Amino acid sequence: MKQFQRLLFSLTAAFTVSVPTALCAEIEVSVHSIRSDKGKIMVALHGGENTKQFPNEEGAIAMQWAKASQGARNFVFRDLPQGEFAIALYHDENDNGRLDKGLMGIPKEGFGFSRNAKATFGPPNFTKTAVELTSEDETLAIDVKMRYRKSLL
Amino acid sequence: MTIRREFLKRAAGIGLGALKMHAARPATVRKDFRQRKFEAARKTNPALIGWTGTERNRLICDDLPIEGRWPKELTGTFYRNGPGCHEVAGRRYHHWFDGDGMVQAFRMSGGRVRHLGRFVGTKKRRAEQKAGRMLWSAFGTTLDGSREILHPDAVNVANISLLHHAGELLALWEAGSPHRLDPRSLDTLGRKTWSDSLAGAPFSAHPKIEPDGTLWTFGYALTQGRLAFYRINASGRVAKVGVIDVDPLGMIHDFAVTAKHLVFVLPPFVFDRERAFAKGNILDAHIWRPELGMRVLTVRKDDFNERRWRQLPAGFTFHFGNAWEDSEVIQLDYCLAPDATELTQTFREIMRGVWSPPTGPTRFAQVTLGKGDAVEQRIADQAAEFPRVAPGVVGRRHRYVYSLAGGVPSRRSETAPFGLDRVVRRDTESGDTEAFVYGPKFIPEEHIFVPRPGSDSETDGWLLGTALDLERGATQLAVFNAQRIGDGPLAVARLPYSLPLGFHGIYTAE
Numbered sequence: 001m002k003q004f005q006r007l008l009f010s011l012t013a014a015f016t017v018s019v020p021t022a023l024c025a026e027i028e029v030s031v032h033s034i035r036s037d038k039g040k041i042m043v044a045l046h047g048g049e050n051t052k053q054f055p056n057e058e059g060a061i062a063m064q065w066a067k068a069s070q071g072a073r074n075f076v077f078r079d080l081p082q083g084e085f086a087i088a089l090y091h092d093e094n095d096n097g098r099l100d101k102g103l104m105g106i107p108k109e110g111f112g113f114s115r116n117a118k119a120t121f122g123p124p125n126f127t128k129t130a131v132e133l134t135s136e137d138e139t140l141a142i143d144v145k146m147r148y149r150k151s152l153l
Numbered sequence: 001m002t003i004r005r006e007f008l009k010r011a012a013g014i015g016l017g018a019l020k021m022h023a024a025r026p027a028t029v030r031k032d033f034r035q036r037k038f039e040a041a042r043k044t045n046p047a048l049i050g051w052t053g054t055e056r057n058r059l060i061c062d063d064l065p066i067e068g069r070w071p072k073e074l075t076g077t078f079y080r081n082g083p084g085c086h087e088v089a090g091r092r093y094h095h096w097f098d099g100d101g102m103v104q105a106f107r108m109s110g111g112r113v114r115h116l117g118r119f120v121g122t123k124k125r126r127a128e129q130k131a132g133r134m135l136w137s138a139f140g141t142t143l144d145g146s147r148e149i150l151h152p153d154a155v156n157v158a159n160i161s162l163l164h165h166a167g168e169l170l171a172l173w174e175a176g177s178p179h180r181l182d183p184r185s186l187d188t189l190g191r192k193t194w195s196d197s198l199a200g201a202p203f204s205a206h207p208k209i210e211p212d213g214t215l216w217t218f219g220y221a222l223t224q225g226r227l228a229f230y231r232i233n234a235s236g237r238v239a240k241v242g243v244i245d246v247d248p249l250g251m252i253h254d255f256a257v258t259a260k261h262l263v264f265v266l267p268p269f270v271f272d273r274e275r276a277f278a279k280g281n282i283l284d285a286h287i288w289r290p291e292l293g294m295r296v297l298t299v300r301k302d303d304f305n306e307r308r309w310r311q312l313p314a315g316f317t318f319h320f321g322n323a324w325e326d327s328e329v330i331q332l333d334y335c336l337a338p339d340a341t342e343l344t345q346t347f348r349e350i351m352r353g354v355w356s357p358p359t360g361p362t363r364f365a366q367v368t369l370g371k372g373d374a375v376e377q378r379i380a381d382q383a384a385e386f387p388r389v390a391p392g393v394v395g396r397r398h399r400y401v402y403s404l405a406g407g408v409p410s411r412r413s414e415t416a417p418f419g420l421d422r423v424v425r426r427d428t429e430s431g432d433t434e435a436f437v438y439g440p441k442f443i444p445e446e447h448i449f450v451p452r453p454g455s456d457s458e459t460d461g462w463l464l465g466t467a468l469d470l471e472r473g474a475t476q477l478a479v480f481n482a483q484r485i486g487d488g489p490l491a492v493a494r495l496p497y498s499l500p501l502g503f504h505g506i507y508t509a510e
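If you read the sequences in order, they're chains W and D.
Residue numbering for the first sequence follows my numbering, beginning at 1 and increasing consecutively.
Residue numbering for the second sequence follows my numbering, beginning at 1 and increasing consecutively.
Just chain W, same shape as in the assembly:
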């Protein structure tokens, strides 16, 4: 919870400095292909100045989570300025608060990125996943497929 507050604070701080106009753009994230009701779906919004850290959670400007539901789940990030944003999300199936990885760092739980960017050589960077909010009253709807390593093997 502490981390969430910190994120909210940094979000507010960042936007009060750089964006004087009203913030009313939105990104609506529809996550689909969720394989079970177990645990949570964790969604991180990246943008602003820390995009190099993508997809590390520490670099996110906002996070949302909700109980997992098999199939699909929607999230809305509101009051956003114009600019480039990217989504990194995962399915915390065992509810331990993190994306579990194997010995060599490859995710064991489901994950996904905006633009459904491929993760063939590890997680994609911000550029490969970024979507753009071009006006201040825009609502951008994006679909993200939850991908599980095992389903492919």
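Worth flagging that the hints you see were computed from the coordinates, not collected in a lab.
These numbers come from a predicted model, not from an experiment.
Heads up, the beta-carbon is just placed ideally off N, CA and C, and yes, glycines get one too.
A couple of the hints might just be wrong.
[Said to hold, decoys possible] Ranges of calculated distance between the beta carbons of each label pair, as one might list FRET restraints: (1) L189(D) - E49(W): 38 to 46 Å; (2) G71(W) - Q311(D): 54 to 62 Å; (3) N305(D) - D100(W): 23 to 31 Å.
[As the list claims (entries may be wrong)] Partner residues aside, some chain W positions facing chain D, computed with beta carbon under 10 Å: (4) R78; (5) G102; (6) L103; (7) I106; (8) K108; (9) F111; (10) P124; (11) R147.
With chain W held as given, fit chain D onto it using these hints.
This is chain D only, laid out in the frame that chain W set:
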């Protein structure tokens, strides 16, 4: 004619509801530019039969004609692995290392030899066979529209080597899991999981089995910059695992063990993630950075945290002979190339049927890692590759290394790729070699030493190896008295067909 036959099949098929099946697998395969170029080159270069590959899932010969007398005491199986196909439905791979693994088993008993060759039934092979087309990019091939590769096992081709340990026969790749095989039928039984935490972990193609049965190996994950070490006990249980971050990290094909250490040599051929995104395959994601030199990493077996880095001049290596240590001084031998051009250029161009030699030969080299940072390297003149030692001296003091070798490196002929036309036993103390020269009409493959049952000598036994006979257009298996290699083979068993040129083999007494 082909078209009409296909039309008739389809016409008949509609009534039977079989149209879908035919549509999935067209009778006339459209060949891509590389495949056509290779086939044209093959007409004038008989050596290219070694890179043609086979479309047959199974190769069987129950009784190979033998010239000479096959030693009756040599009762067991010689297994080999290597890429068995080089194209999928007319689309040719861009690199020799890309194709699906095919295991060859030569069974020897009562002075007779049988052969069975089968592809490893990886998920990738099964999926592509079913789809009738290439579905994923490979190690050195970028496929437009490749399916995503979330884990190396998605593109595991199990095509490098084999391991027989704790009663299991495994086909090895180096970036993913081993595949379990039925030793008799060569049926693929599935991927090997050593433990829950090691599920899907990369497992090198050159594990080392010590005389007491302890298995040491490593794995590397390029995209994560991690190198892992594993100790597996004689019964196949994971005893110890260590993971370290290495930056920058590149392909590591082989390593060595001594009584107390694991020894790694890291060529300055390193993975770059941005380049991987741009190029779309693992090989082209690597950059040659000679300014890094070759980093030598030693890790203490009983404490993975006790590690030491040393430096060698820039170079490239695939294979190690052996290593041993005496009062903290490590002696190591390996095969050293000036750079990675054999991998990036020679083994790529050969897929178009073009022989494009590397900048220089791979040669036998001996390294002494002294106390402190002291490093000494001695490089032999002769070209050498595929070094092997007697199984009883792995990690212990050895004297002899068996390998393929070349004559004067500059005199390369088109039909002797790698400049390797002979098999030698090298005395690492005197530098003397004893050789059998196959000559330019053969492409010899790795030869391995098999000790006479009950003997722990490094030379009392046989040397066993295949060679592609370019005049016959077929593969042979030769056995030598390891003490008298220069006399030529004791016996040669000739297959009625050629096998795709492969990489590494093992011998089991079963």
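Against the structure, the hints come out as follows:
| no. | hint | verdict |
| --- | --- | --- |
| 1 | L189(D) - E49(W): 38 to 46 Å | violated (52 Å) |
| 2 | G71(W) - Q311(D): 54 to 62 Å | holds (56 Å) |
| 3 | N305(D) - D100(W): 23 to 31 Å | holds (25 Å) |
| 4 | R78 | violated (31 Å) |
| 5 | G102 | holds (6 Å) |
| 6 | L103 | holds (5 Å) |
| 7 | I106 | holds (6 Å) |
| 8 | K108 | holds (9 Å) |
| 9 | F111 | holds (9 Å) |
| 10 | P124 | holds (7 Å) |
| 11 | R147 | holds (6 Å) |
The structure does not agree with the numbered hints 1, 4 stated previously, though it agrees with the rest.
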